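Peer 1: This is what each chain is made of:
There are 2 protein chains.
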Amino acid sequence: MLNEQEITARLAALDGWTREGQAIVKTYRFANYHETMAFVNAGAWIAHRADHHPDLEVGYNRCVVRYSTHSAGGLTDKDFACAARLDALFAA
Amino acid sequence: MLNEQEITARLAALDGWTREGQAIVKTYRFANYHETMAFVNAGAWIAHRADHHPDLEVGYNRCVVRYSTHSAGGLTDKDFACAARLDALFAA
Chain A
1 MLNEQEITAR LAALDGWTRE GQAIVKTYRF ANYHETMAFV NAGAWIAHRA DHHPDLEVGY
61 NRCVVRYSTH SAGGLTDKDF ACAARLDALF AA
Chain B
1 MLNEQEITAR LAALDGWTRE GQAIVKTYRF ANYHETMAFV NAGAWIAHRA DHHPDLEVGY
61 NRCVVRYSTH SAGGLTDKDF ACAARLDALF AA
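In order, the protein sequences belong to chains A and B.
Oh and the first sequence: position 20 is 20 in our numbering, straight run, nothing missing.
Oh and the second sequence: position 13 is 13 in our numbering, straight run, nothing missing.
I should point out that these hints are in silico values taken from the structure, not numbers from a laboratory.
Keep in mind it's a predicted model, so treat the numbers as computed, not measured.
It cannot be assumed that every hint is accurate.
[Claimed, not checked] Every beta carbon over 10 angstroms from chain A, so not counted as near; a handful from chain B, in silico: (1) A23; (2) K26; (3) H48; (4) V58; (5) L89.
[Unchecked claim] Short, incomplete list of chain B residues facing chain A, as computed with Cβ under 10 angstroms: (6) Q22; (7) V25; (8) N41; (9) E57; (10) A91.
[Claimed, not checked] To give an idea of the interface, some chain A residues facing chain B are shown, with a C-beta separation under 7 angstroms as derived from the structure: (11) Y33; (12) A44; (13) V58; (14) N61.
Even glycine gets a Cβ: it sits at the ideal position worked out from N, Cα and C.
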């Protein structure tokens, strides 16, 4: 599990992610439902590959992604690595 | 928009759906992430066809579905019709 100093440093290296207790959260926005669902599925593929599954809130044109490492009871490098991979996917 | 009596009657005809303010909500549970994502996508297809999009909370082995007709400011027949279609999909 990362300590507060490590969390602060890793958050600063990401764009648009915020701390929410033992999780990090970002809202991605899309043009329409098709685009939203395509992102949800691409994100699910990353979750499979990383064996690390975020909680998602899916609306018509937005997806809120929330990463936490429940097994560790807090934030780990895995959460920040997956967050960076989702950002790369979004920017692709 | 449906009145309270109509909402109560339509809720009674469904299984596992509960009222939550101006929405109806149900939690579907699955064996694993693959199954969860397959349901999310089948549900998205229904949302496309009905042009009525629920809010979803997607976790590893569960999906919370929340229907409301935002344009009407409350619950309509469309919400209950889509809820029934999702239940049929889940039972398929």
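Peer 1: Could you check if B/A91 really has its C-beta closer than 10 angstroms to a C-beta on chain A?
Peer 2: With a minimum Cβ separation of about 22 angstroms from chain A (threshold 10 angstroms), the hint on B/A91 is violated.
Peer 1: Double-check A/V58 for me: the hint is only fine if its C-beta lies closer than 7 angstroms to a C-beta in chain B.
Peer 2: At about 4 angstroms, which falls below the 7 angstroms cut-off, the nearest Cβ of chain B leaves the hint on A/V58 intact, so it holds.
Peer 1: Given B/E57 was flagged as interface, is its beta-carbon under 10 angstroms from a beta-carbon of chain A?
Peer 2: holds, 5 angstroms
Peer 1: Does B/V25 hold up as a contact with chain A if the rule is Cβ-Cβ below 10 angstroms?
Peer 2: violated, 13 angstroms
Peer 1: Taking C-beta pairs only, is B/L89 more than 10 angstroms away from all of chain A?
Peer 2: Fine: 16 angstroms to the nearest Cβ keeps B/L89 off the interface.
Peer 1: Min Cβ distance, A/A44 to chain B: is it shorter than 7 angstroms?
Peer 2: Status holds, d = 5 angstroms.
Peer 1: B/A23 clear of chain A by more than 10 angstroms, beta carbon to beta carbon?
Peer 2: At about 13 angstroms from chain A, B/A23 clears the 10 angstroms cut-off, so the statement holds.
Peer 1: Against chain B, is A/Y33 within 7 angstroms by beta-carbon distance?
Peer 2: OK, holds: A/Y33 within 7 angstroms of chain B, min 6 angstroms.
Peer 1: Over 10 angstroms to the closest beta carbon of chain A is the bar; see if B/H48 clears it.
Peer 2: With a cut-off of 10 angstroms, B/H48 comes too close to chain A, as the shortest Cβ separation is near 7 angstroms.
Peer 1: Can we confirm that no CB of chain A comes within 10 angstroms of the CB of B/V58?
Peer 2: violated, 4 angstroms
Peer 1: Could you check if B/Q22 really has its C-beta closer than 10 angstroms to a C-beta on chain A?
Peer 2: Cβ of B/Q22 sits 15 angstroms from chain A, so the hint is violated.
Peer 1: Is B/K26 truly not at the interface, in the sense that its beta carbon sits beyond 10 angstroms from all beta carbons of chain A?
Peer 2: Holds: least Cβ distance 15 angstroms, greater than 10 angstroms.
Checked against the numbered hints listed earlier, the structure breaks hints 3, 4, 6, 7, 10, 14; every other hint is satisfied.
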